[in-house]
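K.L.:
The listed protein sequences derive, respectively, from chains A and B.
Quick note on numbering: the first sequence equals residues 1 to 368 in the working numbering.
Quick note on numbering: the second sequence equals residues 369 to 990 in the working numbering.
Keep in mind that a hint or two might mislead.
[Stated by the list, open to error] In silico lysine to aspartate or glutamate, EDC-like type, Cα no more than 20 Å apart, as pairs:
id, chain 1, residue 1, chain 2, residue 2
1, B, K550, B, D565
2, B, K553, B, D539
3, B, K636, B, E611
4, B, K499, A, E254
5, B, K636, B, E382
6, B, K719, B, D747
7, A, K72, B, E382
8, B, K410, A, E241
9, B, K564, B, E611
10, B, K875, B, D976
11, B, K429, A, E254
12, B, K885, B, E716
Just so you know, these hints were derived from the structure itself, not from any lab.
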Amino acid sequence: MSPLNKPRSLFEKVHIDLPLFAALITMMIGSLAIVYSASGQDMGMMMRHGTRMFGALVAMLFMAQFSPNTLKRVAIPVYLLGLGMLVAVLFFGVSSKGAQRWLDLGITRFQPSEIMKLAVPMTVAWFIGRSHLPPSILNLTIGFAIVLVPTILIKEQPDLGTSILIASSGIFALFLAGLSWRLIGSGLLLAVPGGYAFWHYGMHAYQKQRVLTFLDPESDPLGSGYHIIQSKIAIGSGGVEGKGWLHGTQSQLEFLPERHTDFIFSVLSEEFGLLGVTILLSLYLFIIGRGLYIAVQAQDAFSKLLAGALTLTFFVYVFVNIGMVSGLLPVVGVPLPLISYGGTSMVTLMAGFGIIMAIATDKRMLLK
Amino acid sequence: MIKKRPTIRDHSAEANLFARRAFVGFVFVVIIVGILFHNVYKLQVTEHETYRTRSNDNRIKVIPVAPNRGLIYDRNGVLLAENRPVYNLEVIPEDVEDLEASLASVRQLIEISEQEVEDFKKEIKHNRRFKSQVLKGRLNEEEVAILSVNQHRLPGFSVEARLSRYYPYGDTLTHALGYVAKLNKEELFDLELAGKDTNYRATHDIGKLGVEKFYEEQLHGIVGSRRVEVNNRGRIIRTLSMETPQPGKDLVLTLDIGLQQIVQHVLKDTRGAIIVMDPRDGGILALYSNPSYDPNLFVHGISGKDYRALLNPDRPLINRATQGRYAPASTVKPHLAVLALEEGVVTETTKIWDPGFFQIPNVKHKWRDWRPWGHEHVDVYKAIEQSCDTYFYEAAYKLGITKISDFMNQFGFGELSGIDIHEETSAILPSVEWKRERFKESWYPGDTISVGIGQGYWTATPMQIANSLSILVNKGIHRQPHLVQISKQDTEVEQLFTEEKPPVVLKNPYHWDIALKAMHNTVKIGTAKSAFKGVTYDHAGKTGTAQVISIAQGERYNAEKLKEKHRDNGIYVGFAPFDDPQIVITVVVENQGGGSAIAAPMARQVMDYYFSAYPLEKEQQQ
């Protein structure tokens, strides 16, 4: 089956979208350089980071081999399996740092919420894509329910960052499916009392503290405000050209907390300045633009919705993380996608890109 | 739901809907990226300066560096106070793998007490693990050697040197030189009030006594600083720049250490004080108070046991030379003679009859002469040579207290001499006003009589006696007594104490010569004759014997102690050479009887040494 009778390239054979892949690899190389600096030139950490990147690439390649039809078929079973594990976490989960997020599988610890990052958009896309677009009120209600159940379960762990990501992945699918502007408008209107209720009944004390600190970080410069203040100092002191690779004083002298994970953007800003930030944001825009282009070009509703939702969710990572470290948003534990040191989230992200590539290459195979 | 949807899906309409939504999504993304970029731009460009400053405040710390304290030399360039490295065994806890095991092995090498180990453990608990802590201070040479050889076996342990004050002459100079010791809270508070605390940020010690205290400002110098880069736990990563401290000024004293040692040697176990002064400039050649103590004990913090030992009845902590209050006794008779001559109460040739006592007309009380049978006919020369009391009783009676008090005040009695140490008292020069204030009583004529022989209410410090003698031999010129001659820094030398104080002016300057000639006779044919038999230099002097009143301000009245110590104090004052005095000497010894027996021979030994060290040949040739 060779489309348009053209010989298929190696990349097409293994279902890789070259522009997207090139951008991802560029980011990963950049990540290696920044993590090397942020970790205080720790070679051991570099080896682990490299290994995980390799794992993430394998996951991407693996996911790219499935056809959208296969994904459609496994969506519901995977979703139900994930839901079951989330419930299991509530009862048998392993706690760490005050949150119960892990299942101990004997060999390794596993965060079921990571599965849901893919399962939720897949299931919503499958469910909504079965019927006409825009979806009916009933279908919309069911679609919201599909999103809401895992979101609440994850927020209860508690893991606000992941629950935001999962909620957005589902809601983006609904938005792309043609959720009416009227509903979006009323939803925004409901957000005000909803937010009030969430503040009083839905948030943990430490999460409230994060929000309060975000509103006025200087009120508690040695306590919870310390992270934000030090992060802003790191970014601001970087200037236009930055202090140079390995020469960021805020990061090298360890004033910056969580510098190789959540606050890695501050390290990049300090060492590479506004120029580095511009390159990073351009790469992100390129990846998102390419993802949405693939979604628009996709053949069926399921593929379009899934690729679009995954792409926009990727952007939520970017927005929440950069907004948080630069003082626009409260501190929520979301890594900077593709740059931060940290295992599972990178693997999940790349698996998501694998799905997008599967959709991208599937389109060509269907063309006759 | 209500509307029935067409069964055939309109794929192109759905694709268009999706494309529109995707486009809206992308616009949304671009807008938010714009907001993020704008925010970062604000931080990195608009507010860059603010954050750069805050980043530098984070990482750059300024560490004060203590200046080296100025050195102190004697008049011949002999070092009297120096800065010596002391070696401490210090430990950086972070670098030690097994603290207990390392401590055990160190304690096999050198002796470290349980107390030291305990203190050390307390310190490391309260401090950062990378901060060096002293395990054992002031190591001796052997300990330094042992530890250096075994250094490789003891990671985290090191021998560190720091400069510390050392007084090589120990107790010989304590009361003049004083000492430095650890800066305490009160002193720090005073420095803060004076706005000088920043200059002491790296300083451990401060002058506590004597010259070290009086010249603290000059000796201390100006603090330097080291700009360092630190990490978030305050650990120093590297030095960025260094502003070297400006060391304190060196001081050259007027003291002669050789003479000072002789003075100490001469006094031996006798309580008392000796001052040798150069009347030509007011410089003090020797100033010693006995008993003394080792100032080095205080530099590193004196132990409770050592300190209690200094609180004995001999009161070594008191500087008898400037704080001891003694009746000046007969040593002031030459001054009083000058006053009597000036006031016309007597003339050079007036002779009185001394029956062995003096009586105020119509008063029964007899003021006795030291010689029970009297001195028969006495003129002013004989009165001084023989120290005739009756002559001066009568003179004082005729002068009245106010004239005596006013005149003696010009010689510095009743006032601080202004010598450059803070440990000084003004003692008491009695007057009508003083008595009214002190006792709420009027002055009786009888009170004046004993003042005429330097007793009664009159007390003086050896320093005041020395100063008054210097004014006398200078025929009224008053030169400020002082211990420090010059201060110097690099090539910059400052001469101190060049100004004179208001002189004592006589209507007839010849009266000076009468008093000085009488003192000359005293050592030839008078009370000090035996002590000065056979000296090679031409000198003059005056003996004195005083009843004990008190030895120092603040001492409580103690009947039992007074009984033990109720013997007379002996005083001798003298100067030489007679024609052109180079030194005046004052000797005060407690409870050893008359001035001629003990004090005068001591003065002779000191003068003998002085003229062997500074021979007069040159002057004699002229």
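K.L.:
Does each hint fit the structure? Answer for all of them.
P.N.:
So, going through the hints one by one against the coordinates:
For the hint linking B/K550 to B/D565, the alpha-carbon distance of about 15 Å falls within 20 Å, and the restraint holds. Among the hinted pairs, B/K553 with B/D539 is inconsistent with the structure: their alpha-carbon atoms are about 27 Å apart, more than 20 Å. Restraint check for B/K636 and B/E611: not satisfied, since their Cα atoms lie roughly 49 Å apart, outside the 20 Å limit. The hinted pair formed by B/K499 and A/E254 meets the criterion: a straight-line CA distance of about 18 Å does not exceed 20 Å.
A hinted pair counts as satisfied when its Cα atoms are at most 20 Å apart, and B/K636 with B/E382 does not qualify at roughly 118 Å. Using a Cα cut-off of 20 Å, the hinted pair B/K719 and B/D747 holds, with the two alpha carbons roughly 4 Å apart. Taking the CA atoms of A/K72 and B/E382, the gap is about 19 Å. The hint holds against a cut of 20 Å. Only pairs whose Cα atoms come within 20 Å are accepted, and B/K410 paired with A/E241 is accepted, the gap being roughly 14 Å.
Using a Cα cut-off of 20 Å, the hinted pair B/K564 and B/E611 holds, with the two alpha carbons roughly 18 Å apart. Among the hinted pairs, B/K875 with B/D976 is inconsistent with the structure: their alpha-carbon atoms are about 36 Å apart, more than 20 Å. A distance of roughly 15 Å separates the Cα atoms of B/K429 and A/E254; the hinted pair therefore holds under the 20 Å criterion. A hinted pair counts as satisfied when its Cα atoms are at most 20 Å apart, and B/K885 with B/E716 qualifies at roughly 12 Å.
Figure legend: structure checked against the earlier numbered hints; hints not met, in rising order: 2, 3, 5, 10.
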